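4 protein chains.
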Amino acid sequence: MKFKLGCTLNYNVESLSTFVFNIRVVETDCQKILTEQLIIDPDIRIDEYVTPIVENRYFRVNVPGGTNLNIFYQATVEMNHFYGDANTIAEVQPADLPVETFHYLYPSRYCESDRLHQLALSEFGELTTGYSRVTAICNWIYEKVIYEYGTSNPHTSAFDTATERIGVCRDFAHLAIAYCRALNIPARCVAGYAYGLNPPDFHACFEAYLGGRWYLFDATRLAPQNGIVRIGTGRDASDVAFATIFGDILLNKMDIFMEHIPEGNSSEVPELTTEAISIS
Amino acid sequence: MKFKLGCTLNYNVESLSTFVFNIRVVETDCQKILTEQLIIDPDIRIDEYVTPIVENRYFRVNVPGGTNLNIFYQATVEMNHFYGDANTIAEVQPADLPVETFHYLYPSRYCESDRLHQLALSEFGELTTGYSRVTAICNWIYEKVIYEYGTSNPHTSAFDTATERIGVCRDFAHLAIAYCRALNIPARCVAGYAYGLNPPDFHACFEAYLGGRWYLFDATRLAPQNGIVRIGTGRDASDVAFATIFGDILLNKMDIFMEHIPEGNSSEVPELTTEAISIS
Amino acid sequence: MKFKLGCTLNYNVESLSTFVFNIRVVETDCQKILTEQLIIDPDIRIDEYVTPIVENRYFRVNVPGGTNLNIFYQATVEMNHFYGDANTIAEVQPADLPVETFHYLYPSRYCESDRLHQLALSEFGELTTGYSRVTAICNWIYEKVIYEYGTSNPHTSAFDTATERIGVCRDFAHLAIAYCRALNIPARCVAGYAYGLNPPDFHACFEAYLGGRWYLFDATRLAPQNGIVRIGTGRDASDVAFATIFGDILLNKMDIFMEHIPEGNSSEVPELTTEAISIS
Amino acid sequence: MKFKLGCTLNYNVESLSTFVFNIRVVETDCQKILTEQLIIDPDIRIDEYVTPIVENRYFRVNVPGGTNLNIFYQATVEMNHFYGDANTIAEVQPADLPVETFHYLYPSRYCESDRLHQLALSEFGELTTGYSRVTAICNWIYEKVIYEYGTSNPHTSAFDTATERIGVCRDFAHLAIAYCRALNIPARCVAGYAYGLNPPDFHACFEAYLGGRWYLFDATRLAPQNGIVRIGTGRDASDVAFATIFGDILLNKMDIFMEHIPEGNSSEVPELTTEAISIS
Numbered sequence: 001m002k003f004k005l006g007c008t009l010n011y012n013v014e015s016l017s018t019f020v021f022n023i024r025v026v027e028t029d030c031q032k033i034l035t036e037q038l039i040i041d042p043d044i045r046i047d048e049y050v051t052p053i054v055e056n057r058y059f060r061v062n063v064p065g066g067t068n069l070n071i072f073y074q075a076t077v078e079m080n081h082f083y084g085d086a087n088t089i090a091e092v093q094p095a096d097l098p099v100e101t102f103h104y105l106y107p108s109r110y111c112e113s114d115r116l117h118q119l120a121l122s123e124f125g126e127l128t129t130g131y132s133r134v135t136a137i138c139n140w141i142y143e144k145v146i147y148e149y150g151t152s153n154p155h156t157s158a159f160d161t162a163t164e165r166i167g168v169c170r171d172f173a174h175l176a177i178a179y180c181r182a183l184n185i186p187a188r189c190v191a192g193y194a195y196g197l198n199p200p201d202f203h204a205c206f207e208a209y210l211g212g213r214w215y216l217f218d219a220t221r222l223a224p225q226n227g228i229v230r231i232g233t234g235r236d237a238s239d240v241a242f243a244t245i246f247g248d249i250l251l252n253k254m255d256i257f258m259e260h261i262p263e264g265n266s267s268e269v270p271e272l273t274t275e276a277i278s279i280s
Numbered sequence: 001m002k003f004k005l006g007c008t009l010n011y012n013v014e015s016l017s018t019f020v021f022n023i024r025v026v027e028t029d030c031q032k033i034l035t036e037q038l039i040i041d042p043d044i045r046i047d048e049y050v051t052p053i054v055e056n057r058y059f060r061v062n063v064p065g066g067t068n069l070n071i072f073y074q075a076t077v078e079m080n081h082f083y084g085d086a087n088t089i090a091e092v093q094p095a096d097l098p099v100e101t102f103h104y105l106y107p108s109r110y111c112e113s114d115r116l117h118q119l120a121l122s123e124f125g126e127l128t129t130g131y132s133r134v135t136a137i138c139n140w141i142y143e144k145v146i147y148e149y150g151t152s153n154p155h156t157s158a159f160d161t162a163t164e165r166i167g168v169c170r171d172f173a174h175l176a177i178a179y180c181r182a183l184n185i186p187a188r189c190v191a192g193y194a195y196g197l198n199p200p201d202f203h204a205c206f207e208a209y210l211g212g213r214w215y216l217f218d219a220t221r222l223a224p225q226n227g228i229v230r231i232g233t234g235r236d237a238s239d240v241a242f243a244t245i246f247g248d249i250l251l252n253k254m255d256i257f258m259e260h261i262p263e264g265n266s267s268e269v270p271e272l273t274t275e276a277i278s279i280s
Numbered sequence: 001m002k003f004k005l006g007c008t009l010n011y012n013v014e015s016l017s018t019f020v021f022n023i024r025v026v027e028t029d030c031q032k033i034l035t036e037q038l039i040i041d042p043d044i045r046i047d048e049y050v051t052p053i054v055e056n057r058y059f060r061v062n063v064p065g066g067t068n069l070n071i072f073y074q075a076t077v078e079m080n081h082f083y084g085d086a087n088t089i090a091e092v093q094p095a096d097l098p099v100e101t102f103h104y105l106y107p108s109r110y111c112e113s114d115r116l117h118q119l120a121l122s123e124f125g126e127l128t129t130g131y132s133r134v135t136a137i138c139n140w141i142y143e144k145v146i147y148e149y150g151t152s153n154p155h156t157s158a159f160d161t162a163t164e165r166i167g168v169c170r171d172f173a174h175l176a177i178a179y180c181r182a183l184n185i186p187a188r189c190v191a192g193y194a195y196g197l198n199p200p201d202f203h204a205c206f207e208a209y210l211g212g213r214w215y216l217f218d219a220t221r222l223a224p225q226n227g228i229v230r231i232g233t234g235r236d237a238s239d240v241a242f243a244t245i246f247g248d249i250l251l252n253k254m255d256i257f258m259e260h261i262p263e264g265n266s267s268e269v270p271e272l273t274t275e276a277i278s279i280s
Numbered sequence: 001m002k003f004k005l006g007c008t009l010n011y012n013v014e015s016l017s018t019f020v021f022n023i024r025v026v027e028t029d030c031q032k033i034l035t036e037q038l039i040i041d042p043d044i045r046i047d048e049y050v051t052p053i054v055e056n057r058y059f060r061v062n063v064p065g066g067t068n069l070n071i072f073y074q075a076t077v078e079m080n081h082f083y084g085d086a087n088t089i090a091e092v093q094p095a096d097l098p099v100e101t102f103h104y105l106y107p108s109r110y111c112e113s114d115r116l117h118q119l120a121l122s123e124f125g126e127l128t129t130g131y132s133r134v135t136a137i138c139n140w141i142y143e144k145v146i147y148e149y150g151t152s153n154p155h156t157s158a159f160d161t162a163t164e165r166i167g168v169c170r171d172f173a174h175l176a177i178a179y180c181r182a183l184n185i186p187a188r189c190v191a192g193y194a195y196g197l198n199p200p201d202f203h204a205c206f207e208a209y210l211g212g213r214w215y216l217f218d219a220t221r222l223a224p225q226n227g228i229v230r231i232g233t234g235r236d237a238s239d240v241a242f243a244t245i246f247g248d249i250l251l252n253k254m255d256i257f258m259e260h261i262p263e264g265n266s267s268e269v270p271e272l273t274t275e276a277i278s279i280s
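Protein chains in written order, with the UniProt record's numbering: chain Y, 1 to 280; chain U, 1 to 280; chain V, 1 to 280; chain E, 1 to 280.
For the record, the hints were derived by calculation from the structure and aren't laboratory data. Hints may be right or wrong, so weigh each one.
Okay, derived cross-link-like pairs now, DSSO-like style, lysine-lysine, Cα gap no bigger than 27 Å in a straight line [as the list claims (entries may be wrong)]: (1) V:253 - V:4; (2) V:2 - V:32; (3) Y:4 - Y:32; (4) Y:144 - U:32; (5) E:253 - E:4; (6) V:144 - E:144.
Taking beta-carbon pairs under 10 Å as the criterion, some of the chain V residues facing chain E (in silico) [stated by the list, open to error]: (7) 112; (8) 116; (9) 139; (10) 143.
Bear in mind that the values here come from a model prediction, so they are computed numbers and not experimental data. The beta carbon of each residue, even a glycine, is placed where N, CA and C say it ideally should be.
Modelling step: build the complete structure from the supplied sequences, incorporating the hints.
Printed below as a string of structure tokens:
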């Protein structure tokens, strides 16, 4: 399945400011970049940083005051989704987890799995383990948490959302991640482009490590799982903000776009599914 | 039903200290003091304060340094419980609530009903209203929250317990109160002597205002509801601590005792019940 | 000093709703109501509730759906301020406090004095006790906390503000109250009309119990202390909201007004002052 | 300067359990391992994991039930401290920071720099920037936060400590880290062996990125900075726990030891210093 996606970001920069952007998609075994274009206007040198292992592609731009900064990013991406059999995907015990996944068991700023331990046990501890347990977590959140813009803020964490029961995509992801970690399932935050999101926006969902690989989940049901293209992964949203900005700026415009590129020989289309999908 | 109850408290007082005790039982339409004895050794003058409306009976003692302070309190109390029909007790709408009960709808230190609003709605919003809804809240807490000494602390609040799902009697009461208030049911904290509590201790439970009066509830199921004798009520435990102490002291001993006094002509005995009981 | 003050509140009431208003001023030894007018349009019966001791004057209105509700309140008030000598006003030890003031030492929803104990000791524990210590608390807050609309929300408490250092008048009052209580100084929240507030609004400040009476403090410095007329007092803002509303409504208009009525024979004018003022 | 250090850990393992240990020291430009010994009794295979960049040396052991597990670790380490000139070490602006240090500007579980932003600005925002500002942060914490065992718990975070003003070494480190990040100074948690710590224990302190490298700071003043040997670094204590355990175990014994090995030709001794030291 192929997508054309990207964004335009436009800022007024009042005084010398530093931007760290995280808007370019990564390459994985399942996600291949066919074409890519990044236009920075005015043409300012960028410093790139690719994180070890997960290979997020951050770049920094230092912008003088008085600049109107325009960032245009566009890529065409081919997704070769890995489809697992949801019925047979097991949880991996700590004894067998790849040691590098342990960091995704630890609590993070917005996913206080340590404080959610009893709640996770009480709600999900008795369930059959495996892929279906993470699905149950997603269903629980979908059913019990209200999706509403403007109800949470950048400080809102899973501990808040567990009780306040209202939030947006990052809050849904954070709560799911915290629940997974509390049950000893490694989980991490995914920032991405999401097909069909209305209004278009950057999206946050999550991956859980099950049956030997990272599977994609989205408790919001706002986008088809096979329509999500990864920008980056991290412990939580603090790692994968699309922009971290130091300075005095004004955001004028933020347009995100994403199209499905139909292919003659493929019947796969972006759709909500209960199949187990991995893009890692 | 009659009870003999009381306590012995013994403190070493290192330097001039002020104690505010809240250990004497109140009189209500349902709770009559037959005999009562308060012995303070050494014999220090007390300042009494009876709160308006709910008539908690605080007393203050100022104790010089170097004192071994012994407080002995004993009372025999006759309880004439009001038994309502749980099936017909309705919630009272804000339009009809006595205006003085509104204060028990507001959030308090340990019962952040404002932050628990969505959670309460999500868990109990669809239930049939009335006495049974408060019972459902108690059952929910009993089933989902672990009762274990030493797991919470004096700062623990309903917002914590909603997620941490572990605590002691005051945590159970605070969570229930917060849920009730979030559903517009006035609720308040009850401190009391509780028959059969093992080990003997001061107990915390709660009252909800339903069908025109305050009914007693206890989500811990650790004592029979008709075996609870009220010391005081308040917004939460901050109002009804058995002792508030200013100074440098050491608690040596705290013995609480309570006996049922059998009566020839009564078949009522202290027992766990699903009947609606009021002691107000 | 005389003031004419009041408010107009206008609501669209979509469905049967209950309002509890707290907009009328109280009478105290220092605050006398000369004239008063309350017009409710349409003319709906009110239920009044005057709280014990502090005598807040709540009233409830039950309003049918489809109503445009207009509340007009106006009063002329004569203030006979008690002026104390700030240099000689001492703190009152727990041994000597009137027992009914102890409730204002306990933590409340938005004033978690229990959690602020060490911070209060660290910042103010070494200062000379008395009126000047509460002034020091006010100065600390004025200097370290930024006053900015829209930065806090109804859940924000003193524990948040102690660290986040930004908020509005109720946040300033809550933090000051929490600090006072942590230092064993009874403190309570005051809701009132405030002369010269720009834009006009209901105001929150606080009183501390010192030298045998309640003195008025305002860490915001946004209004002259002798220009504040009390609506009510409570443990914190949860007790003295100007309106508590149950139902589906829309606030159309909220106008608050306050004028100083000059008197020929008085030289007292509303002004910021460092004198110790009591209106209780 | 040379040290001999290590630990003995003894556990009763009730049922099949997984341990991830983080007790071995790392090698850096300043820290060289001369000899090293790890004895696991019974002799169970370990899985090692060295993290990218910072090279923490985690290892996992899966231990059958019924085992008495004994871990003995010992190393001799040569420290070649980098000494900077505290007076000339500047902060590095976001425009010039190595992009891989940005992760240490983001908030983490126990270092909510996002919520401490205003507090950090209020307390340290006006100070001269550079090494001395981080020293000022350490002094502030040393002076205002009480060091006392048993006063904090594993959930305690910088946001709590900022107000509660009491805690242990990890709380001191977390608060300092949060302050640094709030001021745009990258900061990270260091777990290590600390010379002269009494009682001997694993220690937590922190590093701040200044003047182009990571400098070591310890707000507790409980150990000489040049007597600290690094086990690992991470965003906060959640990354560098000495043991993460999945299973039912009992810790019998935990002995940490550390000796200074005098060298004839060196006058450097472990001592509290105000010099700028780096071990990275």
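Tested hints:
no. : hint          : in the structure
1   : V:253 - V:4   : holds, 20 Å
2   : V:2 - V:32    : holds, 9 Å
3   : Y:4 - Y:32    : holds, 12 Å
4   : Y:144 - U:32  : violated, 46 Å
5   : E:253 - E:4   : holds, 20 Å
6   : V:144 - E:144 : holds, 17 Å
7   : 112           : holds, 9 Å
8   : 116           : holds, 6 Å
9   : 139           : violated, 14 Å
10  : 143           : holds, 8 Å
Checked against the numbered hints above, the structure violates hints 4, 9; every other hint is satisfied.
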